[in-house]
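Asks: Just so you know, the numbering used here puts 23 at position 23 of the sequence shown, and the rest follows in order with no gaps.
One or more hints might be untrue.
Unchecked claim - With a straight-line cut-off of 27 Å between C-alpha atoms, the simulated BS3-like cross-links for lysine-lysine are: (1) Lys137 with Lys102; (2) Lys69 with Lys46; (3) Lys102 with Lys70; (4) Lys20 with Lys127; (5) Lys67 with Lys48; (6) Lys48 with Lys70; (7) Lys137 with Lys70; (8) Lys8 with Lys173; (9) Lys48 with Lys16; (10) Lys127 with Lys241; (11) Lys70 with Lys20; (12) Lys217 with Lys48; (13) Lys217 with Lys137; (14) Lys82 with Lys70.
I should point out that these hints are in silico values taken from the structure, not numbers from a laboratory.
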Amino acid sequence: MRKVISQKLYWEKVAKSYDKLVGKKGDLSHEKIINPIVTRFLGDLKGKTVLDAGCGNGYWSMTLAKKAKKVVGIDFTEELIKAAELRYSAPNLEFITRDLRKLNFPDNNFDIVLCNMALMDVEDLDKAIAEMARVLKVKGNLVISMIHPCFENPPNTLTLEDKKGRKIGRLVKHYFKTGIVKDFDLTWDNKYHYQHCHYTISDYLNSFSKHNLFIEKVSKPNKAKILGKGYSHIPHFLIFKLRKINHISNKESRY
1 MRKVISQKLY WEKVAKSYDK LVGKKGDLSH EKIINPIVTR FLGDLKGKTV
51 LDAGCGNGYW SMTLAKKAKK VVGIDFTEEL IKAAELRYSA PNLEFITRDL
101 RKLNFPDNNF DIVLCNMALM DVEDLDKAIA EMARVLKVKG NLVISMIHPC
151 FENPPNTLTL EDKKGRKIGR LVKHYFKTGI VKDFDLTWDN KYHYQHCHYT
201 ISDYLNSFSK HNLFIEKVSK PNKAKILGKG YSHIPHFLIF KLRKINHISN
251 KESRY
């Protein structure tokens, strides 16, 4: 029987396996589906200071450092930060062990914040979004990618197949049950279960509004057929481009 452990402990234990899997481009879904859209949403990085929030093994941080003025990659997993420092080095690149919910940077410090496939793993969603908004400059962009909360809620998501094994749909259970979802098994380790966090679309949108983050663009990539037949009909990922503004005029408006 596999042991259920905390997020932080899990990532410390699987850091080396994850680093090997992700490498310098990310896994297949990152490389072919997520990364091209994130790159487009980030825009021109020349002269910009960038925070890679939840940087993992640092492959995005290094990509950003090739174009930006200054890049800081943070992750709460010390072993992943060590892996990032071993893999990548540049005069304008720094890696720090730090929690998304307590960034310890000054207000209005970064031109751009990237949170790539990390926010759905944070136990306190609103606190993490508040912190990223706080350190982002007014008119700066926050780019967030995540698994689509409507169609991916591990382990409460089942793929439906017909008698011939063809994928015909998805069954998502407990959509409105938010917070930690236990007993989620990732592919990078077969000894431990991972505590995944699930939030509804409304949770994300209301938090964006609360912290003066205006949605500029949204993408639900439909190229998931790269992952196998039958995956192109349902969006597996959701990507936001947000802009920090001075205030949202109607703060009573909630999704």
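Asks: Hints first: check each against the structure and report whether it holds.
Replies: Do the hints match the structure? See the list:
1. Lys137 with Lys102: Between Lys137 and Lys102 the Cα gap is close to 17 Å, so the pair holds against 27 Å.
2. Lys69 with Lys46: At roughly 6 Å apart (the allowed maximum being 27 Å), Lys46 and Lys69 satisfy the hint.
3. Lys102 with Lys70: holds (20 Å)
4. Lys20 with Lys127: violated (31 Å)
5. Lys67 with Lys48: Between Lys67 and Lys48 the Cα gap is close to 9 Å, so the pair holds against 27 Å.
6. Lys48 with Lys70: holds (7 Å)
7. Lys137 with Lys70: holds (15 Å)
8. Lys8 with Lys173: holds (26 Å)
9. Lys48 with Lys16: Judged against 27 Å, a Cα distance of about 31 Å means the pair is violated.
10. Lys127 with Lys241: holds (19 Å)
11. Lys70 with Lys20: Given that 27 Å is the threshold and the Cα spacing comes to 26 Å, the pair holds.
12. Lys217 with Lys48: holds (20 Å)
13. Lys217 with Lys137: holds (18 Å)
14. Lys82 with Lys70: holds (19 Å)
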